[in-house]
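A.B. asks: Residue numbers (the working numbering), protein chains in the order written: chain A, 144 to 560; chain B, 25 to 123; chain C, 10 to 1014; chain D, 64 to 278.
Treat the hints as calculated values from the structure; they're not laboratory data. Every value quoted in this text rests on a predicted model; they were computed, and no experiment measured them. Among the hints, a few may not be true.
What the hints assert, rightly or not - With the C-beta cut set under 10 Å, the calculated list includes, among others, these residues of chain C facing chain D:
#1 Phe136
#2 Thr140
#3 Phe141
#4 Gln145
#5 Arg163
#6 Gly614
#7 Asp616
#8 Thr681
#9 Glu766
Claimed, not checked - Cβ-Cβ distance ranges computed for the label pairs, FRET-style:
#10 Met659(C) with Asp175(D): 36 to 44 Å
#11 Glu357(A) with Glu917(C): 35 to 43 Å
#12 Lys654(C) with Asp55(B): 58 to 66 Å
What the hints assert, rightly or not - Below, a list of computed lysine-lysine pairs in the BS3-like style, where the Cα atoms sit at most 25 Å apart:
#13 Lys920(C) with Lys154(A)
#14 Lys104(B) with Lys464(C)
#15 Lys537(A) with Lys920(C)
The beta carbon of each residue, even a glycine, is placed where N, CA and C say it ideally should be.
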Amino acid sequence: MQHYSGFGLIKHSLSHHENWQRAWRNPTPKKKYDVIVIGGGGHGLATAYYLAKEFGVTNVAVIEKGYLGGGNTARNTTIVRSNYLWDEAAHLYEHAMKLWEGLSQDLNYNVMFSQRGVLNLGHTLQDMRDIQRRVNANRLNGIDGEVLDAKQVQELVPHMDCSANTRYPVLGASWQPRAGVARHDAVAWGYARGADAHGVDLIQQTAVTDLIIEDGACVGVKTDRYGEIRADRVGSVVAGNSSVIAAMGGFELPLESHPLQALVSEPIKPILDTVVMSNHVHGYVSQSDKGDLVIGAGIDGYNGYGQRGSFPTIEHTLQAIVELFPIFSRVRMNRQWGGVVDTCPDACPILSETPVKNLFFNCGWGTGGFKATPGSGHVFAASLAKGEMHPLAKPFSMFRFHNGALVDEHGAAGVAH
Amino acid sequence: MLHIYCPHCCEYREEEEFHVKGQAHLARPLDPEACSDKEWGEYLYFRKNPRGLHHELWVHAAGCRKFFNVTRDTVSYEIKEVYLIGEKPSVVAASVSAK
Amino acid sequence: MTQKNRLQSGGRIDRSKALTFTYNGKEYKGFEGDTLASAMLANGIDVIGRSFKYSRPRGIVAAGAEEPNAVMQLGATEATQVPNVRATQQELFDGLVSGATNGWPSVDNDLMGVVGKVGGKMMPPGFYYKTFMYPQSMWETYEKFIRKAAGLGRSSLENDPDSYEKINQHCDVLVVGAGPAGLTAALTAGRAGARVILADEQSEFGGSLLSSRETLDGAEASQWVEKVTAELAGMKEVMLLPRSTVNGYHDHNFLTIHQRNTDHISDKAPAGQARQTLHRVRAKWVVLATGAHERPLVYGNNDVPGCMIASAVSTYINRYGVVPGNELVVMTTNDGGYQAAFDWQDAGRKVVAIVDTRQNPQGAQVAEASKRGINLIKGSGVIDVAGSKRVTGVSIATLNAEGTAVQGSVTKLSADTVATSGGWSPVIHLAGHTGSRPVWDDKVVGFLPGPTVEKRLVAGAIAGDFTTAGALAQGAEAGRKALAELGLGQAEIELPATEEVVVHPPMTLFQIPHLKKTSEAPKQFVDYQNDVTAAGIELACREGFESIEHVKRYTALGFGTDQGKLGNIAGMAIAAKATGRTIPETGTTIFRPNYTPVTFGAMVGRDRGELFDPKRYTAMHKWHVENGALFEDVGQWKRPWYFPKAGETMQQSLDRECKATRESIGILDASTLGKIDIQGKDAREFLGRVYTNAWAKLAVGKCRYGLMCGEDGMVFDDGVTSCLGENHFVMTTTSGGAARVYEWLELYHQTEWPDLEVYFNTVTDHWSTMTISGPNARKLLQELTDYDVSKENLGFMDWREMKVAGVPARVFRISFTGELSFEINVQANFGLQVWEKLFEHGAKYNLTPYGTETMHILRAEKGFIIAGQDTDGSVHPYDLGMGWAVSQQKPFSFIGKRGMAREDCVRENRKQLVGLKTTDPTIVLPEGAQGVFDPKAPIPMPMVGHITSSYWSANLGHSIAMGLVKGGLDRMGEKVYYPLADGRVVEAEICSPIFLDPKGERQNV
Amino acid sequence: MSDTNSVAIMNQVPDAAAGVRAESPLHHADLATVAHKGNKIGGVHFREVGLMGHLTLRCDPNNAELIGAAARVLGVELPLTPLSSVESGGTIVRWIAPDEWLITVPNDQSFDLETRFRAEMSGHYSLVNGSGGLTIYQVSGENVVDMLKKSTPVDLHDSEFPVGKVVSTVFAKSGAVIRRTGANEFELLVRRSFADYLWLWIQSASAEFGLVVEA
Ligand SMILES: Cc1cc2nc3c(=O)[nH]c(=O)nc-3n(C[C@H](O)[C@H](O)[C@H](O)COP(=O)(O)OP(=O)(O)OC[C@H]3O[C@@H](n4cnc5c(N)ncnc54)[C@H](O)[C@@H]3O)c2cc1C
Ligand SMILES: NC(=O)c1ccc[n+]([C@@H]2O[C@H](COP(=O)([O-])OP(=O)(O)OC[C@H]3O[C@@H](n4cnc5c(N)ncnc54)[C@H](O)[C@@H]3O)[C@@H](O)[C@H]2O)c1
Ligand SMILES: Cc1cc2nc3c(=O)[nH]c(=O)nc-3n(C[C@H](O)[C@H](O)[C@H](O)COP(=O)(O)O)c2cc1C
Ligand SMILES: [Zn+2]
């Protein structure tokens, strides 16, 4: 793999950038792999990367029906934090956070992970109780976090209306300084490039149309472009499309795919340095390094694979943003879009064996899986390599929905990201 | 934004008046105690979540407060049919995956 | 400065109305009818901004929504600042204040430009990802610099003084675009009486006709436009919306229109007027008649001010009476480009040459050019321009027949303006918003709207017909089609006669080749706003970013505030070539709302400030305000939180309220509790199914507390339900849970148990509910009623009908405080009356109003739970130690029964709700504190549960708390430790949550 | 055939003799003063008709016996056509759902009406007094439709919303039962706790046309 650096840029500029290597190959798939990863989003690519790099499994294909990183990875509001409530979730997301902290260097790809801090606002007494509860749990789990009062919040975000005369005044917030945002596309591309360099075949524009199941075990996939491709193990990492793949395996998942929308303003001069999230008034916002305000909207109640949702959801979100930041009233919204999020009843992911042998699922990240990308990929790779779930993944078996051992993160995750 | 025909009010209304309640025709097991944990879990949480035709339950929350079923394409969002509780859909997926 | 580029006559401006505006602090003049852009050009302003990445000087290139460069800061005052206003769409008004959004210290002498020039070579697409990585710790510093360069305009720092309107509309036909196609569509539909909305983003109707010199029926086209517009304006069912952009097309023909009411008058709306209106339209049919955008060609240094699109040059001359230069070179791939040269010449300025990339163009335009003696250079292209802040000359070279390579020598000509036409792209944006993908048409040399499930028609240039005759006819046809589909009969309109045009086929060409390879050639810009070049796109493809979506994301093609209206198609074509694919194989990126940006304020409408969310009030609200209550938000309700007296701290108020209640009498406004009236012979059975406890034997006149669970067995609501009659109950729910419970009951009734004869009705708002509580409660009540409220006659958990203060009431003897309590319910119209009467008579007992906080303390002293505070969706009744409220004997398997029997719900060591007494009784544990059994354990510490409720109990003289503890019910007397954020570790002992009067004697008196 | 024992019915209105003042949900807004001091002309007129008796009747529309009994009590047939209403004397009956009607009478008649229902009807039905929880806003005037269009997504065009039509729908961020009572005249039934919010909303949405408050 060609090493990237500032020096390289200077060198390449002398040859008019004609000699850059491809970031990844465009291979024709082999007949058989050790592991097939279905889905080339951030999680699938990270899985492949760690399989090859950390666990020595290099005979791997990632099969992506569209373009790499074009699913929810392409359309999320890029918030990264690990301040989850329950131990199981907190450990998983913190595992990811630790990987984020050296990711650009590990990948030799600047994913622009920017630890500008995340505020989760509280507007009611119950919000504040929940915030206390979560921050205390974080602290005892070794995750950074503080409870701030309205005055401290105001100092961090001078342009937000923290006064008492709003409909739902800001009473305080939880604050995770290590949290922040990252450049979503770069995450996918960095993992793709790294995986490719370790020999992984990235097969784009190729959809898995069925699973090959023999004697109750998954032995490969059928594709629309290359027919059958065999593998010893298959990992499905297709987010919103997970139920579709599960149906190919003859089972259902405790999942529903909903539209989740986001929007950006036109780029404006930097005015907001941290990430502000409010579950109560239902909006969250950060400002990208290009200057656009990146704003997350709510989830629509109906199932939808259309990558678009309903207009009132966007209206509602902007009402919340203007309520928090009345000065943004004259800023303009540039573009809105949607993704298909795979929501689980307990707002936690599924990292799991399935009723079909050698078929594994990584899904259910719903509205908030971008932040977990490195951790999810790492833990899932370990599981695929061994054929047995990694300890951090164990609590997230799909079978928890049989025995009732849910990890209910609604309070901490909810619609927020 | 969806435009939904309420079969009780007998006219189209805006999505804002409705709440969606998920997959339709999920009958509560008649004898819950006879269900295994697995069966109960499946009733509670496991869903078809199809890409394509979907039968779902809606309620005209801000209107007549009646529940009814909708058959909708989850990709195009086209509503193919609206029918009453207790009725069966007439528009169904042409072929359900063999397995 | 005079308006040196203004023509003496012509155009649609009013020369009698001069307007003054400022740009970058300098004053200029323009006329009514100008846009900011046309006025700037009239004044000879060349540089209107700097580019985002390379800080190159930029000028105006287009005349409409597609303009990528002229993105200005607007606003005369801080509060009225608007970032990124497109000068080509901003009408000029007197006193307009504008400035460039970039450039330091000024757009003309920009220091970043030097960086751009020197560093530009090192900043190919994706350079961010390849650098700034080492050392890891430096990223924050690098990023600070990156952010310095971020953004175009700036947000105001003050609150918006303007208001915004939002209106719901319904129509038979929404026509988007009022060019010839839109006008005939609207007229046809309108004549049949259809409800029509016609919206156009421009200040006047007419579309392209406003800027062309062609005739209709032998007269100026604008005369026909006026006639049609007047007829439409006279139709009752037709709504005309100029200055209104249809910005989004959503499912089921729901579209939004962003109307700018006052932006053409002032940056602040006149008093009483909304600045902008957002129309939310539900249309039975939609006709898209949005026209086409001309594509500029991609060639060396094509971003130097003076490089424009050809049709924009015509527009400035014909519509605004402005010739934006002196010496013009036209480069075109099609007949369309010629018109700019003719218009320029007719305006009295010099046409240096028309450069046609076609080897042998023929037809009317060519003939006209030679008749006019214009130097027509065929089979050639402009490969480079000279100049930095304004074009000073062009380099022209002969091209091969395919236009892929330069042949022969280069000629240099002097010129200050280059107008190019690379063909026309239908404005298909809206057609793509609901998921339809566009289809390429070789003949049109453009993408057309793809198939759709929406009831949508297209007409005119959007459909690939670039003639006026075609537009007129297609519009009328679309109108007729819509009428037929709607069953609204028929209508005919007479189409005006158009000028015959013979068109020579265009050439499919996007990028003009240079002598050097693209990567070495002068920068050839594709997307001006984001500084995306042809070389950048080729590089992206070379690096493996082959999908057009990758190209977009890697290079930022089409990411700007113009969403690539000008550059996208050329970019796709260049990517197609670079990857050896056809354009249709390459495809477009996805079109998304908004067509052009929409003000947040307009999206928000009046749902802000006071009206952001309803405030729900009880009938006694006014009294609470007058008596100094502070309020707590509970759902949308405003509930009194506590009633401080002058000088009191919150704790002092609470202590006083709590003591007064236990010592004498307190009163709570409990009207917000959800109340559901249940009638029917199966009401009792129904209650048995939705509550965990038994209802079969509850007698008339009796009340009972119930827990409600989900099918998962977890508690989600609770409350007291009373038997009013054998077939009649009233259920109470939590204040926040009322709507949810009501829908829950209906769900089960309508879908699972329709055979049960029962009806539910919400009566929450109908009753005012006031709870008097304390040893003197009975005395007070007795004073106000003739009914005997003695223990014998009105026992604990009984209810009776009686008059209270003359008002018929239902009085429930239930208690959430553990005191002798009466909950008085009267029709809310009389609520305040009764409340005041209670105070009249209660003064002697020191009747003390209390709010939610004291209510919480008093119930916690008794160990009563609050659903949503002591529960969180993960605890079942047994976890709460409330197994007594679960009847396993009921014949019907009630909701929650099976759920709470699942393996994980019956395991050992679940978290259970217990009381907690701090060893130091003065310490009040913070709610949300997390407990551990071993305070010395290293981090991560094994946590055993959190504090759900915690207070100072003035009555008990020590702190009290409730919390979840692993296996807590079996650990009575054991210690739990709470390591707090401030470093303290608080020790507490597990105890019963009933801190006061465990036998319940106080409420039973 | 009365089933009065199985349900609790109650005259909820105090005797006139008790001298109890009744307060409608907008009582605090003191509309009388607003009317006196405010605009006399404007495009939207507003009046609160509070303190009416509102009874919700629920029964099976296919049960001819019950439907017939209701008609006898009311003196008019229950409107069975969705979204329709009848008005007779001082009584308004609105279709709310296939098995639900909202009946409005003067509040002091509600007990009498309820009693007569209970006497006349038997079997499965319910009747609930909701008078304290509802109030009526009468809105009218040249611009009343313009104001309503800002507030509710239903189509108010005469062709879609003729006089007599009743619609339960979203109104701003609350809800309302809207009935057209004339070309430029509507009645909004709103819930007490939302009354103040909706009043603020209507004032704001009417401002551009001029709001005339009547009391
Ligand atoms: C609007 C929005 C905002 C969000 N904001 C945040 C946030 O701020 N923070 C956060 O942490 N998370 C956020 N999320 C969630 C986050 O985006 C996702 O959880 C995460 O990106 C999921 O990554 P993934 O790799 O699992 O899925 P994806 O990126 O969706 O990748 C799945 C891939 O599988 C492919 N695929 C599907 N079916 C097939 C098939 N049959 N054959 C082959 N390939 C297939 C898809 O094409 C896709 O590329 C947000 C999501 C959305 C939509
Ligand atoms: N010279 C040429 O080669 C050439 C090429 C193309 C078109 N034309 C001319 O253009 C005309 C085509 O007529 P037409 O009616 O199809 O288009 P038009 O360009 O005359 O009118 C389209 C109108 O739609 C408006 N519009 C576009 N998007 C909108 C939106 N989202 N919201 C609101 N308004 C929007 C535009 O501002 C414009 O006013 C003909 O007169 C034709 O001769 C000429
Ligand atoms: C964090 C983030 C920032 C974005 N910023 C912009 C932007 O500045 N301009 C833009 O046009 N789109 C922006 N987008 C949206 C993308 O253009 C695109 O709409 C989104 O990735 C979904 O893909 P799709 O629209 O192709 O389906 C942004 C997306 C994300 C996730
Ligand atoms: Zn309905």
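A.B. asks: Confirm or reject each hint.
C.D. replies: Taking the hints in turn, this is what the structure says about them:
1. Phe136: Interface hint status for Phe136(C): violated (47 Å vs cutoff 10 Å).
2. Thr140: violated, 49 Å
3. Phe141: violated, 46 Å
4. Gln145: violated, 48 Å
5. Arg163: Cβ of Arg163(C) sits 30 Å from chain D, so the hint is violated.
6. Gly614: Holds: closest Cβ of chain D sits about 8 Å from Gly614(C), inside 10 Å.
7. Asp616: Status holds, d = 7 Å.
8. Thr681: Status holds, d = 8 Å.
9. Glu766: OK, holds: Glu766(C) within 10 Å of chain D, min 4 Å.
10. Met659(C) with Asp175(D): 36 to 44 Å: Since Met659(C) and Asp175(D) have Cβ atoms about 50 Å apart, the given range 36 to 44 Å is violated.
11. Glu357(A) with Glu917(C): 35 to 43 Å: Because 41 Å falls inside the window, the suggested range holds.
12. Lys654(C) with Asp55(B): 58 to 66 Å: With Cβ atoms ~60 Å apart, the hint holds.
13. Lys920(C) with Lys154(A): violated, 62 Å
14. Lys104(B) with Lys464(C): Holds: Lys104(B) and Lys464(C) sit about 15 Å apart, inside 25 Å.
15. Lys537(A) with Lys920(C): Status holds; Cα separation ~21 Å.
In summary, the numbered hints that this structure violates are 1, 2, 3, 4, 5, 10, 13.
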